[in-house]
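*Asks:* Read top to bottom, the protein sequences are chains V and R. Residue numbers for the first sequence, in our numbering: 1 to 303. Residue numbers for the second sequence, in our numbering: 1001 to 1304.
No wet-lab data here; the hints were simulated from the structure. Because the structure is a prediction, the values reported are computed rather than measured. Glycine included, each C-beta is placed from N, C-alpha and C at the ideal position. Don't take every hint at face value.
In silico SDA-like links for lysine to any residue, alpha-carbon gap of 25 Å or less [said to hold, decoys possible]: (1) Lys194(V) with Ala251(V); (2) Lys29(V) with Ser1124(R); (3) Lys29(V) with Leu1049(R).
Over 12 Å on every C-beta distance to chain R, these chain V residues come out as not near it, computed from the model [claimed, not checked]: (4) Ser65; (5) Thr81; (6) Gly132; (7) Thr145; (8) Leu191; (9) Lys194; (10) Gly204; (11) Leu244; (12) Val246.
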Amino acid sequence: MSIGTLAPPTVAVPEAVLGGVERSHVWRKLLRNPVALAGAFVLLVVIGAAVAAPYVAPHDPARQSLIRRFTPPVWAHGGNTAYILGTDQVGRDILSRIIYGARVSLIVGISAVVVSLLVGVTLGLFSGFLRGRVDAVIMTVVDVTLSFPQLLLALAFVAALGPSLVTIIVVLGLTGWERYTRVVRAEVLALREKDFVEAARAMGASPMRMVLRHLLPNTFSSIIVMSTLQVAQAILQEAALSFLGVGTGSAHPTWGQMIALGRDFVSVAWWLATFPGLAILLTVLAINLVGDRLRDALDPRVR
Amino acid sequence: MLTLVMRRIVRLVVVLAGVSLVTFAILHVSGDPVSLMMPEAPDADRVALRQSMGFNEPLPVQFARFVGNIARGDFGQSFFHRAPALPLVLERMPTTLLLTVLAMALSLSIAVPIGIVSAVRRNSVFDHGATFVVFLGTSMPVFWTGIMLILLFAVRLRFLPVSGWESWTALVLPTLTLATASTPLLLRIVRSSMLEVINLDYVRTARAKGVSERIVIWHHALVNAALPLVTVAGLQFGLLLGGAVVTETVFAVPGVGRLIVGAIRQLDFPIVQAGVFLLALIVVLVNFAVDMLYIYLNPQIRVR
């Protein structure tokens, strides 16, 4: 059969959503928006602080000093310019701990989303492309996952597996994938009826090629937007886990842990719980704002 | 319609089987439930426990027994309280449900009117303000919101109790905290589903007939915008229960969430399993009820 020797289908599929011109359009749209710009700026500061923590933190986050305990922030009565955001119940510098805490939040937030993404997108592609029984099984798993409050499930499994950074990442990743599956599945179901997919099929593209070359690239813009917003969610979940005491199990300070400690001293030292919470709020808000504008810029329906 | 109801019931049963499998997995995922339950016990005790709990048997056999047990309401004995786990969870359930339902009611009563005004006056200052508050609300960690409210109302202003569960005033801060977590999402849904119907032909027709704007919005538009809201409110219920776990811990509310968090610290797994299973069961049942309501409310399905 000579058909088999034909060149592989190289139909210029909408390669897709993010071609050259399109991409600069997206960036321009993002940069023109002051709110998204502010969000991006905050995000850069947080990432910079996390990466360069040893250089930008004014103090060692673990160094205790009982004479300096409960130093209020610099602008309050009794504040000390050396400890801008004050010190905690054992005299550790709050600002330095927040800077180091950014590391855990960002690592967990991003890695957990990578895990969710790999699991969720794969299952979504299978579900939408194969349909039938595979789809039914995968969607049942999605329904089961949705039945548990995510935090509760993560809490139980982290406790069962023993707290560690890897456990937190894997558990948060494996409890947060179902959104990817639902969205990718829906998009694949819609895409597979399109002409270019039909053309690829007619030209003899293998199922693998159809999925990886023609279907997957066309779901990228939703995946990018979703992932951005999911990083924000994962950071909130990690904070809640370490607030509830099943944290990373390491000596590194986390924002959630700091708030948990601060809760016990809320009537004597308000700054202990307030500032780490503001750090979470600002980081998550920044990610959400950037993600939202990204959606506006990437989503053709809004454009 | 009847076949649709039947199909939903089948799905309910399948999902419940999945929920029990996940609950079962909590104890077995580490590979060795015995060292999870008693990390420092001597070997002889471990062997005895393994024997008495049947951990030597193949996992499918253990799972079958687990399902049989929970069907009879037996989640085992709490190690810490030295009492059956299920009644301990059940007696705290009303508190958690009260908190969740109150927060849901508060959320809806804020989200519906504000969402409608936001949609009607799209791109106004009010709309932009509401959108920003939505972002703020979704970006705040629930437990931190709770602590900040304690700081403001209990420590500074001193007119509400910091924690505990003695009088109705103790309900105020936890409800408020939980509602800040769920209101933003509901508001977003109300706004977007209102925007969807507000420009449809029948709404325009109503306006053209000279129906007053208030009736157009509240009667013609809202009724149709309510359908997605019903579904989302069901999904939100699970989110609220998760939030209740954290909120109860912050305010020392004697509910299921606080019980579970305490049990996790004490490695009291029968309580953890019973609590997680019951909360998931509630979510499943609420969503089933929502499905039924949806079938009943949606004329397109009802007729068929």
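*Asks:* Compare the structure with each hint and give your call.
*Replies:* Tested hints:
1. Lys194(V) with Ala251(V): Violated. Lys194(V) to Ala251(V) sits at ~53 Å, over the 25 Å cutoff.
2. Lys29(V) with Ser1124(R): holds, 21 Å
3. Lys29(V) with Leu1049(R): Roughly 63 Å separates the two Cα atoms, so the pair is violated.
4. Ser65: holds, 25 Å
5. Thr81: holds, 25 Å
6. Gly132: holds, 16 Å
7. Thr145: Given a closest Cβ separation of 8 Å, the condition is violated.
8. Leu191: holds, 23 Å
9. Lys194: Holds, since 25 Å exceeds 12 Å.
10. Gly204: holds, 38 Å
11. Leu244: It is violated; Leu244(V) is separated from chain R by about 5 Å at its closest Cβ, not greater than 12 Å.
12. Val246: violated, 7 Å
Violated hints, listed in ascending order, are 1, 3, 7, 11, 12; each of the other numbered hints is respected by the structure.
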